[in-house]
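Given the structure of chain A, go ahead and fit chain B onto it with the hints provided.
Respectively, the protein sequence lines represent chains A and B.
Numbering-wise (the numbering used here), the first sequence opens with residue 32 and increments by one.
Numbering-wise (the numbering used here), the second sequence opens with residue 3 and increments by one.
Keep in mind the hints are simulated off the structure, nothing from the lab.
Covered by chain B, per the in silico footprint, the following chain A stretches (three or more residues, Cβ under 8 Å):
1) 204 to 211
2) 336 to 349
Taking beta-carbon pairs under 10 Å as the criterion, some of the chain A residues facing chain B (in silico):
3) 89
4) 95
5) 247
6) 283
7) 400
8) 405
9) 473
10) 479
11) 490
12) 492
13) 564
14) 566
15) 581
16) 595
Where is the CB? At the ideal position from N, CA and C, for every residue including glycine.
Okay, here's what each chain looks like letter by letter:
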Amino acid sequence: MSQQFRICPDTGLKLYQPAETMIKVHAVAAVVCLLVGGIYGLLVGLTRWPAVHLLPADWFYLALTGHGLNVLIFWCIFFEIALLYFASSVLLGCRLAVPRFAWVGFALMVIGVLMNNYIVMSGEASVMMTSYAPMEAHPLFYLSLILFAVGALVGCFVFFGTLVIAKEEKTYEGSVPLVTFGAITAAIIAVFTIISGAIILIPTLLWSLGFLAEIDALMYRLIWWAFGHSSQQINVAAHITVWYAIASIVFGAKPMSEKVSRMAFFMYILFLQLASVHHLLVDPGVSSEFKMFNTSYAMYLAVMASMVHGLTVPGSIESAQRAKGFNSGLFEWLRRAPWGNPTFSGMFISLVGFGFLGGISGVTMGVEQINILVHNTLYVPGHFHATVVIGTTLAFMALTYWLVPVIFRRELIWKRLASWQPYLFGLGMAGVSVFLMGAGTLGVPRRHWDITFSTTGGIVHEFPAAANTLLALSGLSVLLAVLGGAIFCLIIVGSLLFGRKLGVDEKSSTFIIASPPSDADYEGIGKGGIAVPGTLVMAIVFFVAFAVYYFINWKYLAQTWGIS
Amino acid sequence: MTSLSPPKDRIWWNEPIERSELIWITIVFLWGLVMTFMMPFWHVVGNQNLSTETYRTTPERFMQKTQAFVDEYTVRNEGPRQYPVVKPPPGGDVYMVARLWDFWPIIELTKGETYRFHLSSLDWQHGFSLQPANINIQVLPKYEHVVSFTPNKSGEYSVICNEYCGIGHHLMIGKIIVVE
Chain A
32 MSQQFRICPD
42 TGLKLYQPAE
52 TMIKVHAVAA
62 VVCLLVGGIY
72 GLLVGLTRWP
82 AVHLLPADWF
92 YLALTGHGLN
102 VLIFWCIFFE
112 IALLYFASSV
122 LLGCRLAVPR
132 FAWVGFALMV
142 IGVLMNNYIV
152 MSGEASVMMT
162 SYAPMEAHPL
172 FYLSLILFAV
182 GALVGCFVFF
192 GTLVIAKEEK
202 TYEGSVPLVT
212 FGAITAAIIA
222 VFTIISGAII
232 LIPTLLWSLG
242 FLAEIDALMY
252 RLIWWAFGHS
262 SQQINVAAHI
272 TVWYAIASIV
282 FGAKPMSEKV
292 SRMAFFMYIL
302 FLQLASVHHL
312 LVDPGVSSEF
322 KMFNTSYAMY
332 LAVMASMVHG
342 LTVPGSIESA
352 QRAKGFNSGL
362 FEWLRRAPWG
372 NPTFSGMFIS
382 LVGFGFLGGI
392 SGVTMGVEQI
402 NILVHNTLYV
412 PGHFHATVVI
422 GTTLAFMALT
432 YWLVPVIFRR
442 ELIWKRLASW
452 QPYLFGLGMA
462 GVSVFLMGAG
472 TLGVPRRHWD
482 ITFSTTGGIV
492 HEFPAAANTL
502 LALSGLSVLL
512 AVLGGAIFCL
522 IIVGSLLFGR
532 KLGVDEKSST
542 FIIASPPSDA
552 DYEGIGKGGI
562 AVPGTLVMAI
572 VFFVAFAVYY
582 FINWKYLAQT
592 WGIS
Chain B
3 MTSLSPPKDR
13 IWWNEPIERS
23 ELIWITIVFL
33 WGLVMTFMMP
43 FWHVVGNQNL
53 STETYRTTPE
63 RFMQKTQAFV
73 DEYTVRNEGP
83 RQYPVVKPPP
93 GGDVYMVARL
103 WDFWPIIELT
113 KGETYRFHLS
123 SLDWQHGFSL
133 QPANINIQVL
143 PKYEHVVSFT
153 PNKSGEYSVI
163 CNEYCGIGHH
173 LMIGKIIVVE
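Just chain A, with the same shape it has in the complex (with noise of 0.2 Å):
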């Protein structure tokens, strides 16, 4: 074994420094990132807070741009191309690809990230995320995203790499880990996503440099948002297969059947791209055929996909605690939870927000005629605050706790504080989610600056007094959520500095990882031949839940105006 090699003491895997080395610098690009998009995101809630009323208008539509670009993009991003290197070298136990190539590919992504910032904060690209044309941007705002996406792009490229020295080397029998699977799932999509973003932002920095006439508007959406669209699939592929990862270490649980959890993550790659359209619902110009297609026949494989992995993780977590013992009533297992380790909570928290929150919502709102009612309303970032603040960033925030021991070789400082975290950014995030969906089921416009119209000269729009209400409740959440988010960065980054070192072959003073139950152990768990009967009861309040919701909007919808 080369001396680039070490084994780890809790885990027992085998660990490349390189490969290490790109996991931290990722993970602590990652989260400055979530730092700054999360001092970026307080000033947005404190500005729509209507007693409170932050910003001038200016500075809070550049906040919004910075907010959703730093959290949305480069935290999930640069969390992601960790995740990669993880799931190849450390779980494979190889040798990492070209490390000079991953370095160049970090390389380019802080650059974007800095121009970025720079561009954005400067004044000159506050045109959103979405930066829509014909409205223009400072051609570095483009530049800048090409050079971060091209980063990503080698950084998925020496992941496939690694891949294949795995299996020339022969580190690993048979098939890969799931996990390698989810990861392998979401680097595919990477791929498509930063190509379809190429084809839409190189055109667009030429015109904005003055060499193409005009960027037609549709055109920029559609492909736009197979870029946009598509680089949440890479969040969600990449926090599923964090979910199965953090239910081996936590549990040492065993997918149910990777039949079916492989075949749900491949049908993403088949089936998520296309589900782009449903942001271009009530566009001009997109027929109504075209939009059914891609909304239902497409998205709907995909949705039920993200519903097999919301019943197969808890589920082997399930039948991993039955296999220990836990195996009388409907949820001993889940009782006996470690529910004071944040990297169970946390996973766990983002499990049931992304199902119940934002999947039924977005599911719902994806649908062709419903979306009438909520297009471009605060519902839209409503639902998205729960699959990718709750659903992404929770999952990734839990996994960190986990990586600071074990990759960073620091102890954790601050326990107790972190076995909270995960509960206030949660909550706090939850509240956010439920209070700007209300909000926008009321008529309230996203991205908007003042919804009193006081600056109008006297043409103004009443809303329904409750908005104002729901407006605060989210303000005070996004205090909440913004407190645990400033303790995760805390806890992190204090303990990257000031933790203790863990010696080379000393092992953790906390829980680190989990024996699994053996064959044996996993005989006669359940109830009358189903082997997880509490995650099936969960799994049907679940869906009756979204069967009751999504015929309620269909419900509130057949009361508006006729369209036709």
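Okay, now just chain B, sitting in the frame of chain A:
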């Protein structure tokens, strides 16, 4: 054998499926079919289906058509901006421009009648958000979108821009009045 290590069987495809997984996959698949059915079904029985009738246009041409419409049907001027209030005949065409930063002109409709709205932007992307009816439509430059509306309640409605369109986005508001 966990999700962090290779599966026990070399060929994961041959592993058995757990019964609860089968139950759930069946439910989820059928639910997907129900949802797939609902959209075309609503096109047949529902009254809220957005038209996709769209024409290519230019800001100049669309402004000309709107001006002609305003010249023909204006009944009075109203509001702080003294905008023309235009009352088209029932069943007729209605033109409304979205531009930085207002919707123009003010439209007066009769409840229960159907009108063909022509929407387009003179500059950037905008959002036509009719409140409190809660009807939200994307408005793009150079595309003329023709949508039929049948108001079912009288009153004063606002048209709010809900697509970010620069520093004056929050100033962008228009009116539609529905009379009995």
